[in-house]
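Participant: Sequence:
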Amino acid sequence: MEVDCVCLQETHILEEDVPLWAYEWGGELHASFGSSSSCGTVILLSARQAGCATRVETDHEGRLVCILFKYPQGNIAICNVYAPNRPSARRDFFNTLPSFVPGSAPCVMVGDFNCVPDSGLDRLGTSVSASPDAGITELDRFTSAHLLADVWRHMHPCSTVYTWVRPNGEDASRIDRVYAPVSFILSGCETLSCPLSDHDTVVARFVLPSIFPSGGAYGSLTVGFLARQSSARVSRPGTKDGKH
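Its first residue numbered 1, the sequence shown is counted upward by one per residue in the working numbering.
Incorrect hints may appear among the rest.
Here are the computed distance ranges between Cβ atoms for each label pair [claimed, not checked]: (1) Glu170 x Leu196: 22 to 28 Å; (2) His12 x Glu170: 25 to 31 Å; (3) Ala145 x Arg86: 22 to 28 Å; (4) Gln73 x Arg141: 27 to 33 Å.
I should point out that these hints are in silico values taken from the structure, not numbers from a laboratory. In this text, a Cβ means the ideal position worked out from N, Cα and C, and glycines have one as well.
Model the full assembly from the supplied sequences, consistent with the hints where possible.
Facilitator: Here it is in structure tokens:
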């Protein structure tokens with residue numbers, strides 16, 4: 001699949017890995033470094049996006065990368081997150097999100113949030129954590145302030161799907177999600193099984209009429225991601241249906 005932007009979580013990337021990763025990818029790489037055994041969040045940009053990333057924000061724990069894309073018709077921020085497993089740390093992490101989002105640009109946020117909005121629809125079984133969805137209030141506060149919609153739930157209000165399933169099948173949850181501004185025209189969202197990870201891929205598609213007005217041709221954005229292997233496609237402004 002041809003992509004412009006690839007989002008990765010829990011890569012275990014180290015700073016010394018960057019030259020090899022960038023060489024093999026053939027484009028830009030922006031990372032928040034964890035350790036060789038934990039965290040490591042990465043956004044890869046293709047050559048087509050050269051010069052479009054004008055600002056990059058990262059945390060110091062390998063859990064967040066946020067990039068501001070600047071185009072003549074407008075800006076978009078894409079934030080890739082890997083939330084902590086521990087309830088108290090997850091609350092604190094979500095409370096820091098506003099400090100990383102660049103400016104007032106519309107924000108698309110993707111990642112492994114390690115909690116779910118609706119335990120009845122988004123979780124199966126009993127989590128080993130005493131507070132499996134701690135932090136969801138703090139996350140909801142952020143998404144509400146930025147007028148973001150949970151893309152999959154918006155398009156499938158009563159359906160059930162899980163992006164992570166415990167090997168024994170007793171526990172499952174939809175902890176991997178895409179959030180996008182409610183002003184975007186959502187045209188599709190799906191989950192795809194991937195043998196390279198214990199998480200499924202989530203792919204969301206939407207057009208951006210309010211951001212990139214260019215006659216009848218809307219800018220379009222397709223975001224897909226997967227813990228440990230993720231991808232996002234951003235079509236340049238003035239294109240339609242992802243075609244250049």
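Participant: Are the hints correct? Go through all of them and say.
Facilitator: We went through each hint and held it up to the structure:
{"no.": "1", "hint": "Glu170 x Leu196: 22 to 28 Å", "in the structure": "23 Å, holds"}
{"no.": "2", "hint": "His12 x Glu170: 25 to 31 Å", "in the structure": "27 Å, holds"}
{"no.": "3", "hint": "Ala145 x Arg86: 22 to 28 Å", "in the structure": "24 Å, holds"}
{"no.": "4", "hint": "Gln73 x Arg141: 27 to 33 Å", "in the structure": "30 Å, holds"}
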